[in-house]
Amino acid sequence: MQSTAHDFKGNVGAALADPNLQDSLAKLKTGFSERRRQAAERLPEFEALRDRARDIKNHALANLDFYLEEFERKVTALGGQVHWAPTAEDARRIIADLCRGVGARTIAKSKSMVAEEIGLNEHLEALGIAPIETDLGEYIIQLRREPPSHIIAPAVHLTKDQVADTFLEHHSRLGFTRRLTERNDLVAEARQVLRQKFLDADVGLTGANFLVAETGSSMLVTNEGNADLSNTLPRMHIVLASIEKVIPTLEDAAVLLRVLARSATGQESSAYTTLNTGPRRPGDLDGPERYHVVLLDNGRSSVLGTEMQDMLRCIRCGACMNHCPVYGAIGGHAYGWVYPGPIGAVLTPQLIGVEEAGDLPNASTFCGRCESVCPVRIPLPRLMRHWREREFERHLTPRAVRQGLALWAYLARRPRLYRAVTGIANRALALLGRSDGRFGTLPLAGGWTRYRDFPAPQPGGTFHAQWKRGRWNRGRWNRGQGSRKR
Amino acid sequence: MSGGPDEDRARILNGIRRSLQRGALTGDPRKAAEARLAEPPRGPAVARANLPPAERVELFCRWAELNNATVARVSAAEVPREVSAYLARNNLSAQAAMAPSPLLADFDWASQKMLSLRRGRAEASDQASVTGAFAGIAETGTLVMASGPDHPVTLNLLPDTHIVVLRENDIVGGYEDVWRRLRERYGKDCMPRTVNIITGPSRTGDIEQTIELGAHGPRRMHILVVRE
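For the record, the sequence lines run as chains E and C.
Just so we're on the same page, my numbering is the position in the first sequence counted from 1, plus 1004.
Just so we're on the same page, my numbering is the position in the second sequence counted from 1, plus 87.
Hints are computed from structural coordinates only; laboratory data are not their basis.
Predicted, not measured: the structure shown is a model, and the values here were computed from it.
Hints should not be assumed to be uniformly reliable.
Claimed, not checked - In silico negatives: residues of chain E with every beta carbon more than 12 Å from chain C: (1) D1022; (2) A1081; (3) E1129; (4) I1133; (5) H1175; (6) R1183; (7) H1390; (8) H1399; (9) Q1407; (10) Y1414; (11) A1432.
Claimed, not checked - Cross-link-like lysine to aspartate or glutamate pairs, in silico, DMTMM-like; alpha carbons within 25 Å at most: (12) K1033(E) x E1186(E); (13) K275(C) x D1288(E); (14) K200(C) x D213(C); (15) K1164(E) x D1027(E); (16) K1201(E) x D247(C); (17) K118(C) x D1055(E); (18) K1013(E) x E1359(E); (19) K1031(E) x E210(C); (20) K1033(E) x E295(C); (21) K118(C) x D1059(E); (22) K200(C) x E165(C); (23) K1164(E) x E295(C); (24) K1201(E) x D213(C); (25) K1164(E) x E1193(E); (26) K275(C) x D115(C); (27) K275(C) x E1293(E); (28) K1164(E) x D1055(E); (29) K275(C) x D1290(E); (30) K1013(E) x E1150(E); (31) K118(C) x D276(C); (32) K1013(E) x E1393(E); (33) K1201(E) x E210(C); (34) K1164(E) x E1150(E); (35) K275(C) x E1073(E); (36) K118(C) x E1073(E); (37) K1201(E) x E1150(E); (38) K1033(E) x D1022(E); (39) K1033(E) x E1193(E); (40) K1033(E) x E1051(E).
Cβ coordinates follow ideal geometry from the N, Cα and C atoms, glycine included.
Produce the entire structure from the sequences given, and follow the hints as far as they go.
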């Protein structure tokens, strides 16, 4: 998809002004995150499992070439075929060739973030092959020609009424002419429309949550069962997965499954976890005749061995965005590309460049909630800080910010001058803001005061001055008791 | 521009090795990775996946119900009658597609005069299916279905109602016990084509984060836990 990450600030403005989006986001704050907390509390071993999950992914990444080759060997031994795609363009070409090879006209597609990353749907459509999204959320946004706004809940930005309008618009020519008002009716109508499409599809395309090297299996976790219909009914099953999805063994999968569903939706287990290993076997009464796995690199191999390698542990649960105050305020579309939220702020500059997406890592309060809930303990704040530094190094930061920082650095290196200047500024601001304690506008601070008030300093001088007067008792400070005297 | 499949493969593998600052994996690290594949180490033990048999069955039933399945604990002789009764209770016609499995063939289906069973894969028109299960997982109330000529995958997915016959002895504690059983039954290097690990009926939370059952797979799941 075409990125709009460069206009992040414009996107944010639009998101904050969208009442439907704000209604939908309000539900996010109590939904997923509360359910995750309860699920984690129900399993005493949860924290130990997170440690192990992190270690498993680290081990897999350190031996990635070995496990990928083992995976390929197993897939091939059982009659499947593995394709290696260094770039997004390679993956699109491989998949298009496979589809054309069986004369495919329609493809039943199960939600895949990697397919979004490589812009697969647009490519297939241009070739006259119709990809049909079968995950309910993806189906809704495909009808609306929108990108997903969340990695596990692609239509989380929409209200029920918006879905009802979309279905009426697109389903009325299929004979569904009544506008529905209940969620279960909407689900039932989508089921009915999509069931026929599953039966007619020539190819089923799915992603993979994990690729198991030990057995050559692709493992897929869903709640709806759409992925399973996609990989069972059509005569060809294509798995599209990025290279870091490979893990050594089924035992490793057990650990990762235990943290995945609980972190994502707070479920003990998702409804469907499916292992597919090769095409249909002799005597089977159903299943695909052909089984292909397309392994996508798209820049990931170059992240290995760098300080950014930790991002490759991600198992795409979405917990970081469910717990992020910035995502909670602006939703997923504002991030401008495929992956939103904290993990998006880290992945996107890597995948499409810091020039395009350098603003995303700035959209963080560094509250650290993302890292505290990440099932594989990715240090997301540290990785965002890394991109901020790259952005600064490349002189991509706006001039006003750079000049401001340069001025501050000049002063900070000269303590006496620093104290003099901040003392004057503090007194002036305290004096001017005395009446209501805040500023609605302030010279040189328009970027701040356009959206919120700037607080006027409290009486008592700068922090330095207060410290010197002994107002901040050292012991009290160290104990984190704050400044108030008892 | 791509140079062909072999070049693409080499480009990715060499890129990984370059980043990891080594050649192909050799020596002790390779031996360690090979040993891991040969004898997979288990993760942290989960207490609730390691209960004695009776409690294990109880836990399975509790979690299955919490995940919106229904459970009936029956003797082998009661299985055919419970299948008929379940269909009748839910106002469904007395017919189903059934897995052509020898294990299911042993039940006295002839005792149910009104029940019509067709053995084979599921078709789009089937309203209900009856299958066995390779295993049940107590930890989460989950069923494990292994595909093969005796268990077509479509039976797990296409009909609105899925009735599953599960022997108590096939209820294990956790996922790791299922992997062990799969290796014993099919060999370490040959997984069944499809292993469906299913927890309750199909569901979606894609509209306003509110769970609705029956998104694409079965709307109802009824599990007959058979006493030994």
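How the hints compare with the structure:
no.: 1; hint: D1022; result: holds (16 Å)
no.: 2; hint: A1081; result: violated (7 Å)
no.: 3; hint: E1129; result: holds (22 Å)
no.: 4; hint: I1133; result: holds (20 Å)
no.: 5; hint: H1175; result: holds (15 Å)
no.: 6; hint: R1183; result: holds (15 Å)
no.: 7; hint: H1390; result: holds (17 Å)
no.: 8; hint: H1399; result: holds (27 Å)
no.: 9; hint: Q1407; result: holds (37 Å)
no.: 10; hint: Y1414; result: holds (39 Å)
no.: 11; hint: A1432; result: holds (49 Å)
no.: 12; hint: K1033(E) x E1186(E); result: holds (23 Å)
no.: 13; hint: K275(C) x D1288(E); result: holds (20 Å)
no.: 14; hint: K200(C) x D213(C); result: holds (19 Å)
no.: 15; hint: K1164(E) x D1027(E); result: holds (11 Å)
no.: 16; hint: K1201(E) x D247(C); result: holds (17 Å)
no.: 17; hint: K118(C) x D1055(E); result: holds (24 Å)
no.: 18; hint: K1013(E) x E1359(E); result: holds (15 Å)
no.: 19; hint: K1031(E) x E210(C); result: violated (39 Å)
no.: 20; hint: K1033(E) x E295(C); result: holds (12 Å)
no.: 21; hint: K118(C) x D1059(E); result: holds (18 Å)
no.: 22; hint: K200(C) x E165(C); result: holds (15 Å)
no.: 23; hint: K1164(E) x E295(C); result: holds (6 Å)
no.: 24; hint: K1201(E) x D213(C); result: holds (17 Å)
no.: 25; hint: K1164(E) x E1193(E); result: holds (14 Å)
no.: 26; hint: K275(C) x D115(C); result: holds (24 Å)
no.: 27; hint: K275(C) x E1293(E); result: holds (23 Å)
no.: 28; hint: K1164(E) x D1055(E); result: violated (38 Å)
no.: 29; hint: K275(C) x D1290(E); result: holds (24 Å)
no.: 30; hint: K1013(E) x E1150(E); result: holds (19 Å)
no.: 31; hint: K118(C) x D276(C); result: holds (19 Å)
no.: 32; hint: K1013(E) x E1393(E); result: holds (19 Å)
no.: 33; hint: K1201(E) x E210(C); result: holds (14 Å)
no.: 34; hint: K1164(E) x E1150(E); result: holds (16 Å)
no.: 35; hint: K275(C) x E1073(E); result: holds (18 Å)
no.: 36; hint: K118(C) x E1073(E); result: holds (15 Å)
no.: 37; hint: K1201(E) x E1150(E); result: holds (21 Å)
no.: 38; hint: K1033(E) x D1022(E); result: holds (17 Å)
no.: 39; hint: K1033(E) x E1193(E); result: violated (29 Å)
no.: 40; hint: K1033(E) x E1051(E); result: holds (23 Å)
Comparing the model with each numbered hint stated earlier shows that hints 2, 19, 28, 39 do not hold.
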